[in-house]
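Undergrad: Heads up: the sequence lines are chains A and B, in that order. So the first sequence is numbered by my numbering: it starts at 334 and just counts up by one. So the second sequence is numbered by my numbering: it starts at 433 and just counts up by one.
Derived by calculation from the structure, the hints in this document are not laboratory data. Be aware that a few hints might be false.
[Claimed, not checked] With a straight-line cut-off of 25 Å between C-alpha atoms, the simulated BS3-like cross-links for lysine-lysine are: (1) K416(A) to K499(B); (2) K883(B) to K499(B); (3) K715(B) to K372(A).
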Amino acid sequence: MRARRGTETRTVVTGVIGADCHIVGNRILQMALEEAGFKVVPLGIMVAQEEFVKAAIETDADAVLVSSLYGQGELDCQGLRDKFEEAGLGRIHLVVGGNLVVGKQEWAEVERRFLAMGFDRAYPPGIDLRRVIEDLRRDLGAPARDG
Amino acid sequence: MGDRELWLFIDFGSTFTKVVAIDPATETIRARVQAPTTVSTDITEGLGAALRLLEREVGAGATYARKLACSSAAGGLRMVTVGLVPDLTSEAARLAALGAGAKVVGTFSYKLPASDLARIKDLSPDLILLAGGTDGGNEEVILQNARGLAALDLAAPLIVAGNRVVADEAAAILRAGGKEPVVADNVMPEFGRLSVEPVRERIREIFITHIVKAKGLQAAERFVEGILMPTPNAVLNAAVLLADGCPGEPGLGELVVLDVGGATTDVHSVARGAPTDAGAVVKGLHEPYAKRTVEGDLGVRSNLWNVVEAMGAQAPPADPEISPHAFRAILERFARDVTTTPESAEEAAVDAALAGIAAGQAMRRHAGSLEVFYSPQGPLSVIRGKDLRGVKLVVGTGGPLVFSPFRSRILREALFAPADRASLRPVDPRLCVDSEYTMFAFGLLGELDSKLAVRMLKRYCRPMDEGTGNGR
Ligand code: B12
Chain A
334 MRARRGTETR TVVTGVIGAD CHIVGNRILQ MALEEAGFKV VPLGIMVAQE
384 EFVKAAIETD ADAVLVSSLY GQGELDCQGL RDKFEEAGLG RIHLVVGGNL
434 VVGKQEWAEV ERRFLAMGFD RAYPPGIDLR RVIEDLRRDL GAPARDG
Chain B
433 MGDRELWLFI DFGSTFTKVV AIDPATETIR ARVQAPTTVS TDITEGLGAA
483 LRLLEREVGA GATYARKLAC SSAAGGLRMV TVGLVPDLTS EAARLAALGA
533 GAKVVGTFSY KLPASDLARI KDLSPDLILL AGGTDGGNEE VILQNARGLA
583 ALDLAAPLIV AGNRVVADEA AAILRAGGKE PVVADNVMPE FGRLSVEPVR
633 ERIREIFITH IVKAKGLQAA ERFVEGILMP TPNAVLNAAV LLADGCPGEP
683 GLGELVVLDV GGATTDVHSV ARGAPTDAGA VVKGLHEPYA KRTVEGDLGV
733 RSNLWNVVEA MGAQAPPADP EISPHAFRAI LERFARDVTT TPESAEEAAV
783 DAALAGIAAG QAMRRHAGSL EVFYSPQGPL SVIRGKDLRG VKLVVGTGGP
833 LVFSPFRSRI LREALFAPAD RASLRPVDPR LCVDSEYTMF AFGLLGELDS
883 KLAVRMLKRY CRPMDEGTGN GR
């Protein structure tokens with residue numbers, strides 16, 4: 334990843350990890366990001382960890398936003414940070430959201446587990462995407478825009 | 433008839449120089465002759481020999497108003513491609529080079545270490561394609577690779593077709609190293625989307641301006657108007673013309689051309705390759721509509737042992753009965769001389785068995801694949817590459833296929849097999865043969881008169897008989 338100037342467009346990769354085929358929320362996320370001025374590389378559904386890594390390399394992405402809706406997020410996301418490390422992108426910004434775990438679990442505990450796995454941010458179900466975008470802008474030092 | 437105006441199309445092949453004379457007035461092939469290619473001495477000697485044979489067929493006094501050529505002599509157009517991620521920009525660059533009719537002798541990825549650079553120098557390619565990064569994507573790798581290639585002691589021209597943000601900078605680095613780079617549009621401007629046409633165009637231009645001379649073929653240009661393209665490019669052109677037609681002359685629709693040769697087997701698909709199962713998830717690159725792949729390890733002469741290996745435990749063909757000993761002897765005779773043609777029923781059967789294996793393997797590697805995952809609500813299909821199951825026409829070409837009495841059997845080996853559902857090959861196409869083995873000529877003819885080329889392709893790509901096929 335190159336150091337970017339404040340005004341430069343930030344590139345983010347999105348996709349639904351694992352064998353998960355819930356596309357609707359992921360598309361809404363993509364649209365919200367584009368609306369907010371990000372360049373989005375949408376990988377769609379059933380995205381393997383390697384695909385996220387490869388896409389981030391070619392597109393020189395600043396962040397990767399992983400969706401997981403079907404309850405297997407914990408299994409699917411394990412080792413993702415290591416794969417980026419391995420590919421020389423160890424410092425890439427990693428975000429995860431959706432329905433990360435099965436059933437009702439204490440969010441603080443779920444969040445702790447995903448952060449320990451190497452994600453920079455994890456979001457609970459029903460999160461307001463405006464907040465996600467605000468955080469992302471701040472985390473990437475991206476230009477603010479009225480959206 | 434002798435004083436008719438004819439058009440000549442010449443293929444300086446690796447083994448034979450082929451000359452096809454077409455009568456544009458009657459839209460017929462007047463003659464097809466061949467003589468051994470003489471590239472190590474003077475390319476025009478072999479051409480002269482072929483032309484003398486031609487004169488014998490068409491009689492003296494014919495005038496040759498147009499003379500166009502293609503070439504795969506002197507090793508063909510040997511290219512090295514460099515990209516970033518192996519199955520992304522590296523694959524895009526490889527597909528672009530293949531589509532231009534090149535022989536890809538090396539594919540490289542990521543930052544090139546000294547050992548890769550040394551390997552590229554050893555390969556001594558005719559042309560290098562440097563890609564890497566989507567537009568606005570990775571800049572670092574293509575720039576570093578430009579620096580590495582700039583310092584390399586190699587005269588080959590280069591095409592830069594990577595991240596457009598730094599393409600000019602990469603070209604400047606190469607120029608500073610005394611290289612001759614040209615810049616083309618990125619082979620993968622956006623993630624997953626290929627754009628191979630602009631690179632193909634640049635490759636063709638460089639072929640005409642640099643490669644023909646570098647290969648010592650320019651002597652032939654005293655006789656022909658131009659050596660316009662590598663031979664496989666002419667065949668792909670013909671495939672596209674036959675499929676798409678041109679304004680005023682409809683084509684036959686999506687198709688696959690399978691070219692079985694002595695050293696390689698080429699597959700050209702002119703098809704979108706959209707998934708035929710509703711609800712399938714498509715992964716990977718969106719491959720080009722006109723896609724060529726070449727299997728450099730699958731040929732029925734110089735690469736015969738690879739084909740035999742692929743045959744595995746499969747017994748030699750049953751009819752006629754051939755003993756393992758006789759089978760071996762035939763293989764050895766074929767392997768010794770690339771120009772050998774079958775001389776007995778047994779040899780024809782062995783030849784066809786080899787060609788069938790090569791055809792099947794080449795088509796399997798060209799076509800997309802299907803993987804089924806089982807999820808709580810049932811099976812989920814994931815398709816990678818082109819789904820060719822719905823393609824309704826397969827055309828066979830290449831000497832070992834066209835001249836085989838078993839040609840429809842060979843071609844059927846390339847089709848979808850219930851035992852191998854994962855390989856998305858055509859299920860139930862019509863089978864045709866390039867009956868006079870003149871596809872390259874129609875590809876060149878397309879440069880002069882595309883309507884005529886489409887009509888002649890439709891006439892000379894003839895339906896194959898069912899059963900054992902009819903030999904010649
Ligand atoms: C429609 C649906 C399906 C459809 C999907 C169609 C499709 N191609 O999209 C089908 C029928 C195929 C399906 C199948 C399954 N489903 Co379903 N499905 C749903 C349903 C009803 C709606 C999903 C939806 O589109 N919501 C609307 C969108 C807008 O919301 P969203 O997806 O949550 O996305 C928002 C946020 O999560 C967030 N977000 C999403 N990604 C990210 C990423 C980041 C980084 C951030 C910050 C935010 C974020 O932003 C989005 C917009 O606000 C939900 C229940 C529900 N009401 O949510 C179940 C649900 C998701 N499915 C569920 C399950 C279990 C399954 C199946 C495993 C089994 C089954 N019951 O059939 C299979 C799995 C198939 C597979 N391989 O993926 C469970 C998941 C349980 C869990 N996680 O604990 C749910 C929650 C139902 C339930 N309560 O049990 N499903």
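Undergrad: Please write out, lowest number first, the hints stated earlier that are contradicted by the structure.
TA: 1
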